[in-house]
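A.B. asks: These are the residues of each chain, in order.
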Amino acid sequence: MTQGQQTESTPLVDPACYAAATAAIRAEAVRLLEAGEVTAVVGYRAGRRAGSAMPEVATTAEAAAQLIFTPGCQNNLALFLSKAKREALPKGKVAVVVKGCDLRALAGLIGESQLKRDEVHVIGVACPGVYGAGADLAKPLAAESLARKCRECKVHLPEGTDVVAGTLPPLPDLAPLEAEELARLEAMTPQERWAFWTEQFARCIRCLACRQVCPFCFCTQCLCDRNRPQAVDTSPRPAGNTAWHIVRAMHLAGRCAGCAECERVCPMDIPLNLLNRKMAQELFELYGFETTMQPQEQGALTSYRDGDDQSFIK
Amino acid sequence: MCIPDKNIYKPYLATIESVVDETPDIRTLRLVFQDEAVRDSFTFRAGQFAEYSAFGFGESTFCIASAPTRSGYIECCFRAVGRVTEALRRLEVGETVGVRGPYGNSFPIEQFFGRNLVFVAGGIALPPLRTLIWQCLDWRDRFGDITIVYGARTESDLVYKHELAEWQGRGDVRLVKTVDPGGNGPNWDGQVGFVPTVLEQAAPSAENTIALVCGPPVMIKFTLPVLEKLGFADEAIYTTLENRMKCGLGKCGRCNVGNVYVCKDGPVFTAAQVKAMPQEF
Amino acid sequence: MAKTLSLDNLHRLVDALLQEGVRVVGPKRTGTLTVYAPLTRGEELELNELPRRSAKETFFPPCETILSFEKRDGRTTVSDPDLDRLPETVLIGVRPCDAAAPGILDAVFSWDYDDPFFLERRKRTTIIGIACTSSDDACFCTAVGLTPDARQGSDLFLVPVEGGGFAVEALDAKGSALKERHAALFTAGGNTVPLPLAEPKVEPLDLEKIRAWLDGNFEHPLWKEIADRCAGCGACAFLCPACHCFDIVDEGGEGSGCRRKHWDACGFGKFTMHASAHNPRDVQPQRYRNRIMHKFKYYRDKFGQTLCTGCGRCIRWCPVGIDIKAVLDEINKKS
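Residue numbers (this note's numbering), protein chains in the order written: chain A, 1 to 314; chain B, 1 to 281; chain C, 1 to 335.
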């Protein structure tokens, strides 16, 4: 799938592939709503600004005909199927547009019994990639504006969905910046690494965008909102910030689907997906566990096998 | 009332002088300011509230439940339901709490002179009226008939039990106390029924009368139509709103109902004012 | 005669102020983002980018200690920070959307009760504003009554001019004093032809009509339509130059600790929740409605001002792409 020479700022793929996915999503969404097969289609619609997109809960064929798929469609819409955002959806079966990374989250939610597979009609989309945080949305998607997660994506083409919108164009090979960054951190001494994260967490303003966009942060009562006892200080100061981000990472270990939304939405540029990715890596090394596009009955940390690594018990 | 400190968030220190367990989970604290100057100068009006702190846990908002006519101390009454109230409940006589206030508006008692008063309260919502009731009783000759309709789920949920007995024994107050059906024990000498029903049966005259209503939202919801039926105009009905507050000073931005800041424009409102607000409380 | 200041001299001005012991805060690149931060030398000043967070934190920090307490031998003592020790500050390189906001917030921090933490910092801070020569499609200052060269809130104002440097205008006593104190850095004359301003290309808004529409439409399907997608985080409020909601918390232990005031947001589900779990704003559309109402109706009702300066941060950083300008356009069309 390698294209020849590619500089960071040349358009990544032919925009026509997004247009084709858009047309397919619209056709499917209109059909589903007209046939009464679903009460809503959770997809994307264009925003006011050039190239921008936002989640849309389409409940009419007219609204469905406005759905889009563009590089601006960054959101993981599996969020809307989690308990935390379910109130935004009408009752009954719904359809949801998912990229491969989002599908892994949806599968995770099904695995955690948050919903049943037959309660949702899954419209997968062949996704060449989306913009990263802070990208200029008015310019065509290029390697430099591509989300870091997309550079190493292994799920461009969703599997196990009810339908797949669009086809995948040839994609260039890109340097795995996130893996490189993770390797850089792993090569550090624990003191250096602690210093790195201390500096990152110091910037946190506790807007909780990372929590609010995470499909897996669906706890009715987040540990970090509890105050009897106060487990984590709520003020944006180093102690509470560090506690919050460690709690977040640990609670997502074995569940995080790698959509990296937490990192994208962080207004303070904290590279949160490095934590998630490190957890995923550990779980793979220890238990051979990986999040997949198919629901799994048990996660790495919710099951026990005789051969499981126990070396951490001292 | 003086604010002696530039730091508007700094509370006065007060010592818990006595503790009364009104019900298994509702407690009254009588507080005496540690600074003599504050003790002498602290004044407030019935209906005003304060921020009470349990240091290390935070602040919580309640009305000042004692009467403005009784000086030297203030009282607050609260149910232990959260972090701060549970911490306040753990404090013992002699220990220190913080008090910021008094804040908010108050009952316009001067406008009530020469009129009959009907107090209607439910459960833990008697304290905001109790401050006014005692002030009126201390100034008894300035008011006409005084009727108090007070109810709670069960006998043990009634607060200020001794005072209820005292009011019952006075010849110049009509006390109608009630408990919800099933909440009465073998020796209950009051009514059995929900507050709005009992109020309707008691049928106080609306003629030259002010009604003062405090209770859980559902009680207020069903009491207002009864008062209307009895002939009370919305302008003659007063209540208090109890939104969540932090600063009490009109700054932190959470107690507003529409453009009304409960902490500054309230907590006392007429039914007419409440009906004009967006229904978001 | 008009005075000008070269970029080098602007940097020298920062250095001179620092040498006098003045705290100088300005846009500074730290890692991947630019924020308003204390400068250690003039060259750190980054004027080409709107800082990620607004300048409000100079007056209203994300978190600050409002008192500390200690229990010892059965006695509790409380002490508060010495506000007289707040440093004299120059806030430099502030775009009009950020410079205007603190003045708008004076109203809420001073009605009846003066919040000394905010107001003392205001008193001790001189704001050097700068006309805006770069904007993006999230900017909408012109739609809320400001302009890329609005002087509102600035004590001293810089207008970038052709050939580099700035035309300088002192707007009040604070600004004049600063200029006088460093008169040698300012040149009389020089090129004073301003660079083209960054006029955002946006639909105008009729704020009075919007207020009137909000007044009559507390209940409207629009709120659900817009805000069902709202994820309920605080990014918009925390980046906003005008959002002023805060929480007050005790941290530390029972024996000793601090009471702190920290940023809070009306988008959080628990913001208005009572200890009894009753919540007047139970669902996200009610919370988003409060955000819009607060900015474009309640604050106008109370203080005659709009709690928005059109900086566009909430648009750029909303995780779910909610665009307040698009929302206002929609309301503007309806009203």
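Just so you know, the hints here were simulated from the structure itself, not pulled from any lab data.
Check before you lean on any hint, since a few could be wrong.
What the hints assert, rightly or not - Calculated pairs, DSS-like style, for lysine-lysine (alpha carbon to alpha carbon, straight line, at most 30 Å):
#1 B/Lys264 with C/Lys302
#2 C/Lys201 with A/Lys139
#3 C/Lys201 with B/Lys10
#4 A/Lys83 with C/Lys224
#5 A/Lys154 with A/Lys278
#6 B/Lys275 with C/Lys224
#7 C/Lys201 with C/Lys71
#8 C/Lys209 with C/Lys334
#9 C/Lys302 with C/Lys270
A.B. asks: Does the structure break any of the earlier hints, and which numbers would those be?
C.D. replies: When the structure is compared with the hints, numbers 3, 7 turn out to be violated.
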